[in-house]
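Chemist: Chains as they are written, first to last, in our numbering: chain A, 51 to 430; chain B, 51 to 430; chain C, 51 to 430; chain D, 51 to 430.
Because the hints were derived from the structure by calculation, they are not lab data. Careful: at least some of the hints might be erroneous.
Since copy identity is lost for identical chains, a pair holds within one copy or between any two.
What the hints assert, rightly or not - Straight line, CA to CA, 25 Å or less: simulated SDA-like cross-link-like pairs of lysine to any residue: (1) Lys97 to Pro237; (2) Lys97 to Glu82; (3) Lys94 to Arg279; (4) Lys320 to Glu224; (5) Lys97 to Ala429; (6) Lys229 to Thr91; (7) Lys320 to Asn292; (8) Lys320 to Leu337; (9) Lys320 to Ala280; (10) Lys320 to Gly392; (11) Lys229 to Ala358; (12) Lys320 to Arg279; (13) Lys320 to Pro363; (14) Lys320 to Ala277; (15) Lys94 to His137; (16) Lys97 to Arg386; (17) Lys320 to Ala206; (18) Lys94 to Glu328; (19) Lys94 to Gly69; (20) Lys229 to Pro363; (21) Lys320 to Glu197.
4 protein chains.
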Amino acid sequence: MARIRLGMVGGGADAFIGGVHRIASRIDDRFELVAGALSSTPEKARKSGEALGLDPARSYGSFAEMAEAEATRADGIEAVSIVTPNHVHYPAAKAFLERGIHVICDKPLTSTWEDAQALEQAVAASDALFILTHNYSAYPMIRQAREMVAAGEIGALRVVQVEYPQDWLTETIEAGGDKQASWRTDPARSGAGGATGDIGTHAYNLACFVSGLEGAELAADLHSFGAGRALDDNGHVLLRFNGGARGMLWCSQVAPGNENALRLRVYGEKGGLEWAQEDPNYLHHGLLGQPPRLIRRNGAGASAAAGAVSRIPGGHPEGYLEAFANLYTEAAEAIRAVQAGGARGEAMGLLPGIGEGLAGMRFVRACVQSSATNAAWVAL
Amino acid sequence: MARIRLGMVGGGADAFIGGVHRIASRIDDRFELVAGALSSTPEKARKSGEALGLDPARSYGSFAEMAEAEATRADGIEAVSIVTPNHVHYPAAKAFLERGIHVICDKPLTSTWEDAQALEQAVAASDALFILTHNYSAYPMIRQAREMVAAGEIGALRVVQVEYPQDWLTETIEAGGDKQASWRTDPARSGAGGATGDIGTHAYNLACFVSGLEGAELAADLHSFGAGRALDDNGHVLLRFNGGARGMLWCSQVAPGNENALRLRVYGEKGGLEWAQEDPNYLHHGLLGQPPRLIRRNGAGASAAAGAVSRIPGGHPEGYLEAFANLYTEAAEAIRAVQAGGARGEAMGLLPGIGEGLAGMRFVRACVQSSATNAAWVAL
Amino acid sequence: MARIRLGMVGGGADAFIGGVHRIASRIDDRFELVAGALSSTPEKARKSGEALGLDPARSYGSFAEMAEAEATRADGIEAVSIVTPNHVHYPAAKAFLERGIHVICDKPLTSTWEDAQALEQAVAASDALFILTHNYSAYPMIRQAREMVAAGEIGALRVVQVEYPQDWLTETIEAGGDKQASWRTDPARSGAGGATGDIGTHAYNLACFVSGLEGAELAADLHSFGAGRALDDNGHVLLRFNGGARGMLWCSQVAPGNENALRLRVYGEKGGLEWAQEDPNYLHHGLLGQPPRLIRRNGAGASAAAGAVSRIPGGHPEGYLEAFANLYTEAAEAIRAVQAGGARGEAMGLLPGIGEGLAGMRFVRACVQSSATNAAWVAL
Amino acid sequence: MARIRLGMVGGGADAFIGGVHRIASRIDDRFELVAGALSSTPEKARKSGEALGLDPARSYGSFAEMAEAEATRADGIEAVSIVTPNHVHYPAAKAFLERGIHVICDKPLTSTWEDAQALEQAVAASDALFILTHNYSAYPMIRQAREMVAAGEIGALRVVQVEYPQDWLTETIEAGGDKQASWRTDPARSGAGGATGDIGTHAYNLACFVSGLEGAELAADLHSFGAGRALDDNGHVLLRFNGGARGMLWCSQVAPGNENALRLRVYGEKGGLEWAQEDPNYLHHGLLGQPPRLIRRNGAGASAAAGAVSRIPGGHPEGYLEAFANLYTEAAEAIRAVQAGGARGEAMGLLPGIGEGLAGMRFVRACVQSSATNAAWVAL
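If we strip away everything but chain A, and leave its shape as in the complex, we get:
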């Protein structure tokens, strides 16, 4: 099958996530990067395009320029990846959606609630797909966990514990000009949530994805430990889910010793599941009255849902990039399905989209509002 022609907004030289998207798009060979507006600084955009081997004519100075130009080319891009700071997500996504170009966009959805609502309308008004890269949901063992919960293997859910500690903002490195830290701690570019927006949304998405539950309300105690930091760098959240399950979410960027320690545990009336992002090939399965089992990716007991997003045999570890690539590959399938006349909803399958994006925005908004009212409960 021919590769999908892909453009990219953001992701120039020192960006971390742009490179991740590019590798992810290549792993299963379903995309070809042919155009880019790789930086908001035109000169930097040009140089980054050159470094990536883009045709100079298709290395644009802005996403607006790229959207317009590519939409008129016979060989124009079919899809675009938006990997900018959060405040650019909405205007960029809108520009491409309006032109029928499929959008693969970083999380969180937008920097403001208003943008989120406007983006929802833009998606509704378009025939193109909108895919949000909640990449952790595409790990094989997470897919299996979701499947096991849905099949009732651990019984009716009672408790959901999710946490996402990091340590990279323990010191106020934004003061020293660290680029990543600068925009992620800046309300104008990140939005109302700091740790909550950056990683709390991932944790919340994962909890919902695996449990199949929707949050009903939350009570949050957010804090900025970094001196002078405007956004939260630590969040403690009580969760109540529709149906009666209870939970806790902890996200932190000031927990020394933790790199990217997203970890999910769900407990039902019959069993429990535990998964840690840093050791992603393992799913720990506790069953009441039986010894716990260790289910390994593509090993014995691994399910079809896990196998479908695995490439290599058990014992040959897959990691973050492969999980990210799973989203891209499923995006490719979805795009081809829609291009062949398929319905958008069906094509999306398990891909996170505008719905998950809005859920994340509601999560951040509720956290901020709850924390501002001394951890009062706020509906989700």
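Add chains B, C and D to chain A, keeping to what the hints say.
Modeler: For chains B, C and D alone, coordinates are given in the frame of chain A:
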């Protein structure tokens, strides 16, 4: 040095914790069990005494009888261990304290707040020691963690995460007559807290012990998942400590796959510490900008505080019973010190006592009150 | 049941293993230490006896004196623990066995092959029990592993991997006068094997105990990395067992980072088992075509054999001292059984005795002989 | 920089390793697959080419045809990946080397010693590069381990323990027609070594790569546990290295519960290092007299050598495919360097080549010869 003559209240045949106390008292050979009121059923008390080789004359039918009789013997007990359900703690402790007999008592302090206050007065009115068996505080690596925090090795504290999941009440086994489950889920015998009282108090004590912090206020969402269960079997708690640190506490008896998974993590401006009760010989030490270190009991990097409560070389694992024995051995030292005219406060050293007991009771009371008011903040 | 009157040979002040034996003998309250010849230096023996609260009249200057005196007392010792350097095992054991006093003796059996043979005869000539403290065989999960293998749960055995690395002799600390290092690296006191004798015998015993197999022949490459060290401090051994299983044994005292890392893995036609002494409450069970299971002491899936030597619930870790205590408690049962007229062989049950001691001596002898002939195969 | 035009020999439909090579070649975007002789069955080769989107004109029926045709095209392949069963390595590699086409070849080098020698000559006679995919040597933490050893961070080496257990041949699945099992247990296609050739060579290569040592001699006890299996499925090997270090190697395909559990430990006079392929982002570093440290890929303490072959931040796990991609990316650099006139030796850098291939062949030959002479020592 001569062994301390010890009596025991409770701890007959099928009790779990009575046997633990007896082994703990023997490990370092500082006590000799010479008397008991081992059950509230006289016939059972007698049989249990026989099984333990007690002099039949000193195997009593009630703690009151024992207190009275032993107090008048020249070779009467010097100390008593109270290992009954919670509602007996106060009357029993009072009976011995009034007679100058040192008390080693299980946690939580009492079943009611009124009893707790009365016990505080009984302790104040006595010259005898009152020791509460918050045994987890006596693990060597916990002692080291406390020492490291106090020495500023991880910097000013910011975040404290403590959790204590179990799974033994996942099903309502109290309905089937399980003895442990019956009294622990019964408000009349346990008090107002279920999981919060039974294990939440341990978790809270450990968090305070290691961090050196006092709780300022909490917001709690308690729940009973077991059908018809009167007391909470799962508790989610937001914590704020004096000085500004924030934290979370999760205790659960309905988390399948978890046996006794008490786990503490504390994070400061420079580093973090992590300890898990089920693998107690290890202390994980994260330092900003350095690879994490694994400190092992009596291994390289283990401190004097840890060494003082260790018996055997690194790599030869000590466990729950040895930690419990540390409390007994320190109790023996304290009793001999007081008998030699030492001050009670100084003699206590790191031993948990009435203060820790009251803190635990305040914790349970605040949890219950907060949860009853939809997780409003309650001062501790 | 009355406690067994126990004496001890060796185990004075700075000895490590004497204290272990004493704690182990107390944990289940089946022994009372009433006599001792605690050091080969009489003054030190006297002081050590005093520190342990022995009746000064029963604190002897030599094992010979103790054997003679105790044998004539009406309340003389019923059993003796021999916890001296290896070269004393034989003469001491003989002195007590001749007088019908039961012997609990440290491993390896003796320092020389001649002594081992003589001790075999002494045991044969006596009615008393001879118990060798291969303590690792008494860990609950090791008992379960043995039971599972015997029941065919992992199928016919093929491969046995056992290793026992430590690091305490990485530097030649015997040169600095370290007491433990001095006698353990001295052929006159330890025998022909260094690491092989001290820890290799434990590893070999454990492999045989769990697998139920007997060694047929071995090929060993021993080496002393410590400059000027007379005995091996690292041993690499190929093993062939009766029945066709193959294996490897590695023992080392010069592997930095390892404390006491005894680890056993056995593989059969259907499954595998793995156990590590430093995390002894876990037994890893691999089954072909199924996810691996984690069997936890007194947890789900734990067997009767494991439960019989456990004291407290799952999740409350037991350790080295409790495993050691299991041998003492089984020794107490065996002694009482023999005193009641039971047959010696039957009374021994799973306790290691003269047979295991001779097997260990054959192991050391074969290792040394094989290594001296460039790792030629030597029959066991 | 323009992508390198790549061809592939083998790697059709159900092959495992062909897909791995293709993904690895794409991850860093340095190669473009443009030609293939993907199967020895022409029809299957054609269909596989189609599935991969190859130009039908460049999907060949045999490697010989491909070598000839591509060598004459202006846009012919610059490099070829050989991912066939072992017996094809030599003739295929020769065909491309003779035409100046760079070769990236699977291990082990060849199926026979004669072929290995002939291939050595073919490499010598060519200007093209010959790269052998000992992919495990390209894991970031392995690169760091090598660097640390070379820098003397663990002192002069004493002991090297390497093991590689799997379980996929526990049952004789080759009898049922399993394709992988069929050729890997067939001497005609695999060569003289079974487990020794397939995975033992990896283990041996890794031990030498990290330690910087060369094997001097070995003693091997190989066995086939699978009924009727011609090649070894389990190998126990004693190793002696030049310079005096000793070691052990265990490789097995019949160890139930193990997926791909390659694990290396090296110990020197001052410290030790431990690495496990299934958890590859961690390097355990033991230092005498200090607590062990956990060095994490791209985390604190990670070295330049590790960073150079990492793509994403610590805590975002990289896996098997990324390590494999490291070899491809270094191959691309080497090819471009040689094309630009650089010296072949220098261009190779850390890439494994004909030297490592011959070392692996000597290892297998010595294992087989030693085992045939009852584990006598054989020089390497």
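Chemist: State for each hint whether it applies.
Modeler: Outcome of the hint check:
With identical chains, the CA atoms of Lys97 and Pro237 are never at most 25 Å apart, being 29 Å at best within one copy and 54 Å at best between copies. Taking the closest pair of Cα atoms, Lys97 and Glu82 come within 25 Å of each other both inside a single copy (19 Å) and across two copies (23 Å). For the homomeric pair Lys94 and Arg279, neither the shortest alpha-carbon distance inside one copy (29 Å) nor that between copies (62 Å) is at most 25 Å. Within a single copy, Lys320 and Glu224 get their C-alpha atoms only as close as 46 Å, which misses the 25 Å cut-off; across copies the closest is 17 Å, which meets it.
Within a single copy, Lys97 and Ala429 get their C-alpha atoms no closer than 47 Å, and across copies no closer than 56 Å, so neither meets the 25 Å cut-off. Within a single copy, Lys229 and Thr91 get their C-alpha atoms as close as 14 Å, which meets the 25 Å cut-off; across copies the closest is 54 Å, which misses it. When the C-alpha separation of Lys320 and Asn292 is checked against a cutoff of 25 Å, the pair qualifies only within one copy, where the shortest distance is 19 Å, while the shortest distance between copies is 39 Å. In the homo-oligomer, the alpha carbons of Lys320 and Leu337 lie at most 25 Å apart both inside one protomer (6 Å) and across protomers (23 Å), since each shortest distance falls under that limit.
Taking the shortest Cα distances, Lys320 and Ala280 sit within 25 Å of each other only across copies (21 Å), while inside one copy they are farther apart (43 Å). For the identical chains of this complex, Lys320 and Gly392 are neighbours neither inside a copy (39 Å) nor across copies (48 Å), given an alpha-carbon limit of 25 Å. Taking the closest pair of Cα atoms, Lys229 and Ala358 come within 25 Å of each other only across two copies (21 Å); inside a single copy the shortest separation is 37 Å, beyond that limit. For the identical chains of this complex, Lys320 and Arg279 are inter-copy neighbours only, at 18 Å across copies versus 44 Å inside a copy, given an alpha-carbon limit of 25 Å.
For a Cα distance limit of 25 Å, the shortest separation of Lys320 from Pro363 across copies, 20 Å, qualifies, whereas the shortest one inside one copy, 30 Å, does not. Taking the closest pair of Cα atoms, Lys320 and Ala277 come within 25 Å of each other only across two copies (14 Å); inside a single copy the shortest separation is 45 Å, beyond that limit. Taking the closest pair of Cα atoms, Lys94 and His137 come within 25 Å of each other only inside a single copy of the chain (20 Å); across copies the shortest separation is 51 Å, beyond that limit. Taking the shortest Cα distances, Lys97 and Arg386 sit within 25 Å of each other only across copies (22 Å), while inside one copy they are farther apart (32 Å).
In this assembly of identical chains, Lys320 and Ala206 lie within 25 Å of each other by CA distance solely inside one copy; the values are 8 Å within and 34 Å between copies. For the identical chains of this complex, Lys94 and Glu328 are neighbours neither inside a copy (33 Å) nor across copies (39 Å), given an alpha-carbon limit of 25 Å. Taking the shortest alpha-carbon separations for Lys94 and Gly69, only the intra-copy value of 15 Å comes in at or below 25 Å, while the best inter-copy value is 36 Å. For a Cα distance limit of 25 Å, the shortest separation of Lys229 from Pro363 across copies, 15 Å, qualifies, whereas the shortest one inside one copy, 38 Å, does not.
Taking the shortest Cα distances, Lys320 and Glu197 sit within 25 Å of each other inside one copy (15 Å), while across copies they are farther apart (29 Å).
Checked against the numbered hints listed earlier, the structure breaks hints 1, 3, 5, 10, 18; every other hint is satisfied.
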